[in-house]
Amino acid sequence: MTKKVLIIDDEEAVRNSFQLALEDSGFIVEFAENGKIGVEKFAGGNFSLVFIDLKMPIMDGPTALKKIREQDADIPVYVVTAFSQEFFGELKEIMLAGHHFELLKKPVGLEEILSLTKSVLDADTNQEQAES
Amino acid sequence: MKTSKQKIFILFLISTAIASILPFLLNVLGVDFGVTKTMLSPDALAAIPPGEMVDVMHGQLRGSFVHTLLEWSAFTVAIFTVMLAFLHFSTHKDIVTLIVGMTLFFSGCMDAFHTLAANRLISAVADNRDLIPFTWAICRVFNAAIMIAGVTLVLTKRRILQTNMNVLLGVNVIFALVAYGIIHLCATSQNLPQTQFPNSLITRPYDVVPLVLFLFAGLYLYPKLYRKTPNIFTFSLIISAIPEVVVEMHMAFGSSALFDNNFNIAHFLKIIAYVVPLCGLGIEYLFTNDRLKRNQIELKERTAIMIQAEKMSSVGTMAAGVSHELNNPLMGIINYVDYCLVRTDESDKRHGILKNALKESKRCASIIGDLLMFSRTGKIDDDAVALDCSEILDKVISLNNFRISKESIEVTRHTPDIPLRTVKVKGNQIQQVFVNLLGNAVDALENSSVKKLDIHLFEENNLLTVEFSDSGTGIDPEVMDNLFDPFVTSKEAGKGTGLGLSISRTIIENHGGKITCANNMQGGASFTVTLPFTDP
Chain A
1 MTKKVLIIDD EEAVRNSFQL ALEDSGFIVE FAENGKIGVE KFAGGNFSLV FIDLKMPIMD
61 GPTALKKIRE QDADIPVYVV TAFSQEFFGE LKEIMLAGHH FELLKKPVGL EEILSLTKSV
121 LDADTNQEQA ES
Chain B
1 MKTSKQKIFI LFLISTAIAS ILPFLLNVLG VDFGVTKTML SPDALAAIPP GEMVDVMHGQ
61 LRGSFVHTLL EWSAFTVAIF TVMLAFLHFS THKDIVTLIV GMTLFFSGCM DAFHTLAANR
121 LISAVADNRD LIPFTWAICR VFNAAIMIAG VTLVLTKRRI LQTNMNVLLG VNVIFALVAY
181 GIIHLCATSQ NLPQTQFPNS LITRPYDVVP LVLFLFAGLY LYPKLYRKTP NIFTFSLIIS
241 AIPEVVVEMH MAFGSSALFD NNFNIAHFLK IIAYVVPLCG LGIEYLFTND RLKRNQIELK
301 ERTAIMIQAE KMSSVGTMAA GVSHELNNPL MGIINYVDYC LVRTDESDKR HGILKNALKE
361 SKRCASIIGD LLMFSRTGKI DDDAVALDCS EILDKVISLN NFRISKESIE VTRHTPDIPL
421 RTVKVKGNQI QQVFVNLLGN AVDALENSSV KKLDIHLFEE NNLLTVEFSD SGTGIDPEVM
481 DNLFDPFVTS KEAGKGTGLG LSISRTIIEN HGGKITCANN MQGGASFTVT LPFTDP
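From first to last, the protein sequence lines stand for chains A and B. Sequential numbering of the first sequence, starting at 1, is according to our numbering. Sequential numbering of the second sequence, starting at 1, is according to our numbering.
Worth flagging that the hints you see were computed from the coordinates, not collected in a lab. For each residue, glycine too, the CB sits at the ideal point set by N, CA and C. Treat the hints with care, since some could be wrong.
What the hints assert, rightly or not - Computed list of lysine to aspartate or glutamate pairs in EDC-like fashion (alpha-carbon distance at most 16 Å, straight line):
no., chain 1, residue 1, chain 2, residue 2
1, B, LYS406, A, GLU111
2, B, LYS362, B, ASP476
3, A, LYS105, B, GLU325
4, B, LYS362, A, GLU102
5, B, LYS406, A, GLU112
6, B, LYS395, A, GLU111
7, A, LYS55, B, ASP443
8, B, LYS362, A, GLU112
9, B, LYS426, B, GLU325
10, A, LYS105, B, ASP55
Stated by the list, open to error - Among the chain A residues that face chain B by a calculated CB cut under 8 Å, a handful are:
no., residue
11, ALA21
12, LEU103
13, GLU112
14, LEU116
15, ALA123
Just need the whole structure built from these sequences, with the hints factored in.
Laid out in structure tokens, this is it:
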């Protein structure tokens, strides 16, 4: 089954970067403009990987991340951030609560997005095959 | 080595002591300060030619004139003292100087009354031969008593006096009323007790009372005040007791007649006794003014530093905000250009242009990254906590995994078998330093034939040491000495802003550590960070 990737970011330039990076990757890529839409899309979406921004309107990254983790504790989540101090406290709380995520520093290049996505999803595929 | 203040104290003490015993020493050498003159009989006065009468009368009254000069000098000094005390109080709000200044003034007023009465310039009923010695004695007792009362009030009721001006005023009114009462009593009494006993051992027994009082004040009360409020003025009160005691000794055991040697010495030393607190107050005023000026200068400098720090903080906050906002569109630009670049043939002229556009965009990203780092350097959002730096290092390496694998860099971590102790650090700041050093090492290895990066973590001389050692081309010796200065970079033009190492140094030094660099003997360069452990 084709793997699905969810990009949650309010910036069009960032969403376009992911689109350009993953257009020929063979993965299905879906986008959300804010945390609320992202959480709603995640609910029924059966995604294998999530990239999430921190600073977003309506629902910010840390809140959306917590809600995603409530639905799926194991899915790989990459927080894509410019390393602003603003959300560090909240991210620390999320980590202390046991919700795992990785950090990706902006600006992220096309090659890095593709390489990272492939390595995570290929590893996921291998694991599924091993378990079956 | 004595400070200048201690030298002043000693000089003050020595000069007062010398002034106090000098007249006695001069007496020993044969100098007589007496101005006694036998009164001419009425017949002798009548026989004086009219042209010589004024000179003869002046001669007869010479003792009185000298007495008036000496007493009035003391009163003048008391006036200057109280004026200076008010000036000192107006600027420094020190109740001690005000109370003591006022008591000295009231003492001076009593001495002035004594002088006016002695010169018959105010009406007095009693005979001058009893009036002058009696008012002298009563003035000396009053002088000692009011000083003791004033200092005792300051020692016991300082807070009330400091905060309640009405109480302060009330105290001074009481002092004034007591002084006036004594003056009135002396002026209106027909008969005043005999106070001079020329043939006795104690020629003026009434002067023993102020002698004892001044000894008590000088040996106990004034030192107590000095211990509570140590300054040159309170010290001067202690040493003023020296001439006061010597005055009383000259009078009690020496003077047997008006205007004799001991009488005049005592009156002279009384001036010294007033001058000493005046000098003490004057020096204290200069010292406190000087201290005030220095405090004001320091306050100005600190305010300027604070304003500058706030400005920088605002600049930092703005830099953070702007940089953060720029990152998103910049990510778009970099990736749009990159996308077009990989789909443009190398022979196409636009390929070169797109390549340059990508390079410049990445340079912008680097500047923004440094600005964000700069904006975070001074922030204290996170507290310093005991952290394991090897964990921070692991995180930094994983963040750079993409670049490390893309450049095919062989990264080796060298850590001891036993876990290292924690260091008290602001985790995010130390992470920034490691990000900067690792990033620099990766940049250095970009065009290197051998791409190795060794990261050593160990304990040495009770310090945590983290060393990033690359196999690159090393650092140009010309920039080595200034490498940690702002805007100095060893990277090619357009690659670095020159802020990263400067900021890293600031962060490490703020943590009590050091950061150094050196070229490796086998090639490449090493950057070494040392940090003190949490538990030494």
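Q. Looking back at the hints listed earlier, which ones does the structure fail to meet?
A. 2, 4, 6, 7, 9, 10, 15
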